[in-house]
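Student: The lines below spell out each chain.
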Amino acid sequence: MASLKEFRNRIDSVKSTQKITKAMQMVAAAKLRRAQEAVESARPYADRMNTVVANLSGSMADQPGAPQLLVGTGETKTHLVVVASADRGHCGGFNGAIARKAKLLISKLISEGKQVKILCVGGKAYEQVKRIYSKQMLDMISLREFKVINSGHAAVISSKILEMFEANEFDVCTLVYSQFKNVMSQVPTAQTLIPAMDALDSDVELTGLGGACYTYEPDEEEILQVLLPRNLTTQIFQALLENVAGEMGAKMTAMDNATRNAGEMIDKLTLQYNRKRQSMITTELIEIIAGAEAI
Amino acid sequence: MTDKLHFSLVSPEKELFSGGVDSVTVPGSEGDFGVYPQHMPVMTTIRPGAISVMNDEVERRIYIRGGFADVTAEGLTILAEEAVELADIDPAKLAQDITDAKEDLSDAKGDDKKANAQEKLDYLQEISKAMSG
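These protein sequence lines are chains A and B, in that order. Heads up: the first sequence begins at 0 in numbering that gives the first Met the number 0, then just goes up one per residue. Heads up: the second sequence begins at 0 in numbering that gives the first Met the number 0, then just goes up one per residue.
For reference, chain A alone in the conformation it holds in the complex (with noise of 0.2 Å):
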């Protein structure tokens, strides 16, 4: 049995703790508020670009021109999965479920008998996906030293990809990541980047194209050419957004969780500490009394 100095250093470092989760709940709490905000923000260029591309795909597609960033390849042989996570343990299952989503899919791919490249963003996801799939896995890139991140940070990554996928060493690319829906739940994703066919929303209204002949300057060729590598950015800054959303979300839902249970833990010790010392009082007074009868 524990002596009360235990009982009370447990106590006081229970309660240490709860201090710090508290903490870093409220940190969470302000930046998920700043990184929604962000993601607010990001939305009508998102919107905006996807309706542009889906205007010009739809006079475009049909084109034996048309570029292979949008129809893809021709083949499906050689996928690149991207996997979006967070850099940053402490937020319960976030990571995880990023993790699992990429595993499922990667491993559905490889049955079929395709050739899987894995390249991940973020430290955590990398982790895990790597221990079984590490003759797959390419790069991790970090985004852990930037506070926030800006659309820079997407573009290396695309550039990254486009690098790679004009040098023919994939067909498809799929990144998986987590869709922010709201503080509670959040979605992981597979979504297709490339072909950019594939991606497009099928929602997304056509607009100003009714018959209207569109003019094109310099032309539709060389416009898609510049469109669909920053659309590619675009989409991975939305993703990148939403994760970070995402991840805050779920780290503050962790941590009001661990302050919580700190809580429970603390109440039960006390509770055990004040019974504790008041058997040792009445051990102490019957001895007292014993003693005191015996003379």
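Hints are not guaranteed to be accurate.
Chain B residues, not near chain A, derived (Cβ > 10 Å throughout) [unchecked claim]:
hint : residue
1    : 24
2    : 33
3    : 35
4    : 53
5    : 92
6    : 103
Stretch-level coverage of chain A by chain B, calculated; a stretch enters the list once three of its residues show a Cβ under 8 Å from a Cβ in chain B [to be verified]:
hint : stretch
7    : 33-41
8    : 46-54
9    : 221-231
Just so you know, these hints were derived from the structure itself, not from any lab. As the structure is a prediction and not an experimental result, all values here were calculated from the model. Yeah, the Cβ is synthetic: ideal placement off N, Cα and C, and Gly gets one too.
Fit chain B to the given chain A structure using the hints.
Tutor: Here is chain B on its own, set in the frame of chain A:
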């Protein structure tokens, strides 16, 4: 003119402007062009430079870099990689920044850092050109 042109300027980070204006002059990759209400649908790439937004006789000049102008029946949308309002820039500070960037460039060691510094300097000089132009 009662009709207004619906103009929105968005960068990857946020929507910078959205609303009705009289006209916008856009530096297209094949030459500058003005967009007024009821413009025919056009889609074009943009070269770095200043767009000029006219509304109620007031001109706003915004420097933009990298992007697209999309004119549809609904209005004009500019998707810009970067956008800076020229009125927000202090010419003295810009000149100072350019001097600093030049120093950085001469101090930079290694190809990576040199390329970075050069890029920054080019960017600042483009802005200063857009301001004077």
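Student: Each hint should be assessed against the structure and marked as holding or not.
Tutor: Here is what the structure says about each hint:
Distance check on residue 24 (chain B): its Cβ is at least 15 Å (rounded) from any Cβ of chain A, clearing the 10 Å threshold; non-interface status holds. Listed as a non-interface residue, residue 33 (chain B) keeps its Cβ farther than 10 Å from every Cβ of chain A; the least gap is roughly 14 Å. For residue 35 (chain B), the shortest C-beta to C-beta distance to chain A comes to about 15 Å, beyond the 10 Å cut-off, and the non-interface label holds. At roughly 22 Å, the least C-beta separation between residue 53 (chain B) and chain A is larger than 10 Å, which holds for a residue marked as non-interface.
With a closest Cβ-Cβ approach of about 22 Å to chain A, residue 92 (chain B) is found to remain outside the 10 Å limit, as its non-interface label requires. Every CB of chain A is more than 10 Å from the CB of residue 103 (chain B) (nearest about 18 Å), matching its label as outside the interface. Coverage of the stretch 33-41 of chain A by chain B holds. Counting CB-CB distances below 8 Å, 3 residues qualify, and the rule asks for three or more. With 4 residues carrying a beta carbon less than 8 Å from a beta carbon of chain B, the stretch 46-54 of chain A meets the three-residue requirement, and the given coverage holds.
Residues of the stretch 221-231 of chain A lying with their CB closer than 8 Å to a CB of chain B number 5, which satisfies the three-residue condition for coverage.
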